[in-house]
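Chains as they are written, first to last, in the numbering used here: chain A, 1 to 679; chain U, 1 to 679.
Mixed in with the good hints there might be a few duds.
[As the list claims (entries may be wrong)] Here are the computed distance ranges between Cβ atoms for each label pair:
| # | chain 1 | residue 1 | chain 2 | residue 2 | range |
| --- | --- | --- | --- | --- | --- |
| 1 | A | R467 | U | A336 | 53 to 59 Å |
| 2 | U | H113 | A | D69 | 45 to 51 Å |
| 3 | A | A43 | U | T459 | 35 to 41 Å |
| 4 | A | E370 | U | D122 | 24 to 30 Å |
| 5 | U | L178 | A | R344 | 16 to 22 Å |
| 6 | A | A594 | U | R657 | 53 to 59 Å |
Since the hints were derived computationally from the structure, they do not count as laboratory data. We put the CB at the ideal spot given by N, CA and C, even for glycine.
There are 2 protein chains.
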Amino acid sequence: MTAAGAEVRAIGVADGRVRVAIENVAPAVDGGRFAIKRVMGDAVVVEADCFTDGHDIVACQLLSRRAADAPWLATTMTPLGNDRWRASFVVDALGEWQYTVRAWVDPFLSWRHDFARRIEADDLRIAALSGAALIEQAAQRAAPAGEGELLHGWSNELAQAANDARGAAAGVLRRIGLDEARAAIAMRHPDLRHALTADAVYRVTVERERARCSAWYEFFPRSASGDVTRHGTFADCEAWLPYVQRMGFDVLYFPPIHPIGRARRKGRNNALDAAAGDVGSPWAVGAAEGGHDAILSDLGTLDDLHRLIRRAAEHGLELALDIALQCAPDHPWLNAHPAWFRKRADGSVQYAENPPKKYQDIYPLDFETEDWRAMWLALAGVFEYWAGHGVRIFRVDNPHTKAFAFWEWVIARLRASWPDAIFLCEAFTRPRVMHRLAKLGFSQSYTYFTWRNSKHELTQYFTELGRAPGREYFRPNAWPNTPDILPAALQFGGRPMFMARVALAATLCANFGIYGPAFELLEHAALREGGEEYLDSEKFELRAWDRERADSLAGFIALLNRLRRENPALQSDAGLRFLDIDNEQMIAYAKATADLTNIVVCVVNLDPHHVQSGWLTLDAAALGLAGEQSYQMADAISGAHFLWHGERNFVSLDPRRSPVHVMRMRRHLKREHDFDYFA
Amino acid sequence: MTAAGAEVRAIGVADGRVRVAIENVAPAVDGGRFAIKRVMGDAVVVEADCFTDGHDIVACQLLSRRAADAPWLATTMTPLGNDRWRASFVVDALGEWQYTVRAWVDPFLSWRHDFARRIEADDLRIAALSGAALIEQAAQRAAPAGEGELLHGWSNELAQAANDARGAAAGVLRRIGLDEARAAIAMRHPDLRHALTADAVYRVTVERERARCSAWYEFFPRSASGDVTRHGTFADCEAWLPYVQRMGFDVLYFPPIHPIGRARRKGRNNALDAAAGDVGSPWAVGAAEGGHDAILSDLGTLDDLHRLIRRAAEHGLELALDIALQCAPDHPWLNAHPAWFRKRADGSVQYAENPPKKYQDIYPLDFETEDWRAMWLALAGVFEYWAGHGVRIFRVDNPHTKAFAFWEWVIARLRASWPDAIFLCEAFTRPRVMHRLAKLGFSQSYTYFTWRNSKHELTQYFTELGRAPGREYFRPNAWPNTPDILPAALQFGGRPMFMARVALAATLCANFGIYGPAFELLEHAALREGGEEYLDSEKFELRAWDRERADSLAGFIALLNRLRRENPALQSDAGLRFLDIDNEQMIAYAKATADLTNIVVCVVNLDPHHVQSGWLTLDAAALGLAGEQSYQMADAISGAHFLWHGERNFVSLDPRRSPVHVMRMRRHLKREHDFDYFA
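Generate coordinates for the entire structure from the input sequences, incorporating the hints supplied.
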């Protein structure tokens, strides 16, 4: 059984003495293939299974760094039991962070563990000598002065006591050997010769707070003049800023602002042919005067845009632009880069289609072109151009019809220059595709919320969104309407349904948005029965909106946004928990901060026509409520304060008054009988 | 926005035209780091999410091969909806197989999908020309003769019809373009230029059927003579073969058969010092006359072993040897390879210990030795030696105290020469370690079954074992007792508890074993109160067993093993489903084959002292039972046939008669009133 040299070399294992295993590092998306997402100041809590054979003691560290070229910072991990370990690090800079886990079988800790359990004097003496040798090794690893000297002294002291003509009492040996202060110093100089680092380096994309929590107001600047005969301008938009600010939004989002194609321009209500003077769809990007880096002259100039961005900021609003990477037939790229467009067999350019439907005013880019590299750079250039002009939030139109690899590349490229850039993914498509786009780097994603109406649908969908690993990379942004989608519920549910839907969006999701003023002015007429398109949509014509209308929901929306600002629980998607309520027409949920200092309970009557009532059950343990304690529920919508007792309480909502409660839980009541009434 | 050459090169994406994504390939263990396990003839069902941007049609293939150097076989995957795809391949040879998934955006399928939905004549004509071009490309990819020629003809036919002075009717174009037979041929020559193969190559370890289903009988050959004054021999063991065969076992497993250390030999009942004539523990391997490749002369010679292996095979029994990689103080390796053992500070060899416990008759190998390569080869040599002498089943003692990397390496090495080798992992240790060892390649693993007694414990534990990904690599082997473990339940539960425990093991687990004859002869005296060691254990002395004893459970065990042979449902761990029964002292479960042609329902009374009864609920949908249908349950234990109706039925078990039902479900009764009685 002797081993020939060749056989020894053929073992093919680099170092068989690495005895530790690392498994199940979390969080991780697809084994580290994609980054998790966090915002500035977050603690990234990392766990892993680290263990070895036998009974030796394992030590492990979380390694983290600010960038691929920054030095690793090591944080000692704490055992949670069952070989699971945890540590965290705080991300206090924008950009891409990295983390991984390192573990090793620690001879010093193993020795210390055993030494503490030894009983016989002879045993202790021999073990003390082993310990002295290990401590001396630690001393060698430390700098010669300072800690090295201290450890060297400790090693000598322990060895001398052990060798002291067998005179040292067991208690003395134990006291010296188990010295906690000096052990802590030795542990700062571990023996890493057989340490293992996890296979993958995991990544974190760190964005600013607004990536996690934002309230979007979508607005067509073309309608800013208040006069359907005069095209709105950026200057006209300035007059809207106080109104949008009063409603509490923080992102003002414009559909594309570029020249609009004239060839095959669509008319009002999506008519195939435009009439004279029809303004066309802003998503038909490009005309003779310019493409994605030009501004439609009717809206104003680049200087006007700069001024609007400044004025918006003064109103607490950040401008978001819509990037729609497609071309109208007269976009300059058609001539400059014919290779970027697919040709039909008759030599004509392939327009967008989904047979038998045709979108002849739109030419898609061909992501299988031979010239893909140049095209990618040009498309990146579109974002770069507007970022260079101060835009930091991009709503991306139809990203699901462009190559995945492009998005991963372009978002990483843009973040390298503008780590504060935020990307909202407009993809109402297949679930895997929506998730993939989020993995590729989009900060936020449109969701199916728009079509989730029943209690079952909403509960199921938001429970799914809250699950790992999706919650690590997919930040939902809930929209009750968009210029493309007037859902059936809003067509027929009346004012209570508008209230319910916007309240659900604003409280279920830390990111939400509305397309206004169509939303707050209760616009609900559809172009066609059974369809979801708006009648007289701004997509194809100018509209004049009366923002002072008495029935406007602007005040209600302002209240919702105020509640979002006042309650940290509503500023994160973590901490959502659906509550049992014994009425199928009512949905209830709590949102809570991790420390339970802020708990908001929302109840929504999904029936816009009738009063609905039910018994709601709180999860007392999860919300930190002790048994039958009383607590106050302050409903910001009605202004009422309810005194609740224990887990089960009665709620009733009349949709004609308000279909929602948004109640903050207030505990530690001093004089609970002050609140002994029920709305 | 023009791209400079340097910028173009800096894109860092190999080919941006690869538009498809592959995610969530399953089964997979740790992203493909470890192999899944299957047995000969299994179909490996593989699923993956494959999708692309936009509306183009994706095609995907499962790629599989018999070994790393074999050619890949491509199997078309079928869509399951929601972008999930599935295909399978059959593993019909032992060894390591590989698989992965390849996907691409298919221009021909995308064209065909659109073409079928086109309506306008002009549209159809232009699209037909595009299709003809795609078909011609497929023709070029095919061999020029045969399919290539056929496709070329098809392309011409379609192009001519499209160009035919615009005369061809839409129906004609559609008929030619959508020709199914020729499309199937074109699809055999797909355009793979932009295909993507999943990042990982996934592995399957294919073993023989016995790796999945086996019944082990552990036996000390030292006690084979029937006379405590005469050491048993391999020749004596031959007389036991018919007995073990009658009980229905298929693996006869011996504790280590090597010379036993004399230094520090343990006496009877684990006494620190052996008396003269004490035989010592077989796990103290090695003495002056030899180590792991020698046979204890009291047992016989190598020739005797060969003869026993042959005779066992004639009785349907395969011999398993116990490999305990540790050394008695007088093992030859102590002198030959002192570097393989750790030294204490006083220069003595480090014995096994877990302070304050000491095992001074055992020297562990030091897996952190500088000489680890030579040691690994020597340890591999132990297995190789016995494999060379016809042993193919190895029960490995305490693998959890040896380095993980060693197991992965040695098992792969041994399988390369002996793909029919089976390895049973004896590790009663921490869950992560047990799972890791299974991932590293052990065919079967000891479990916590030995200590899982209550309904809750058993249900929870076996449910966990059945979950992905554990079920892909961890094959449990359930033991009610071992020479080391006489669990409390057997000490105090009497005969009904022995029956219940072995029935649970034999029916919950496709692999199970007992340590006999201690088990079937109801040995239940412990060395110490509160301990789990047998009194007068064969580990330290010879025993004489009376295998003809009237109270032996041999007949009951034979019945269980017969049922395992007769019911395919009991031969696999898949298809286990716990059933609701409204009595905490009763546990019930069904095991079913995938096609539901064999369904076994087991009910066990866990209370050894009292009759227990309850209403059992079957999951009608899962077991393919229609509504209130009647069916027969044939209990092989009592011989009774019950007529059951619908989902809920009554069961009652008297532990003095039998604490278990093992009932085969028989449907499609012709004359159901024949069975209208109850036990």
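How the hints compare with the structure:
1. A:R467 <-> U:A336: 53 to 59 Å: Holds, at about 57 Å.
2. U:H113 <-> A:D69: 45 to 51 Å: 47 Å, holds
3. A:A43 <-> U:T459: 35 to 41 Å: Given a distance of about 37 Å, which is inside 35 to 41 Å, the answer is holds.
4. A:E370 <-> U:D122: 24 to 30 Å: 28 Å, holds
5. U:L178 <-> A:R344: 16 to 22 Å: The hinted range 16 to 22 Å holds for U:L178 and A:R344, with Cβ atoms some 19 Å apart.
6. A:A594 <-> U:R657: 53 to 59 Å: Given about 57 Å between the Cβ atoms, the range holds.
Figure legend: structure checked against the earlier numbered hints; every hint is met.
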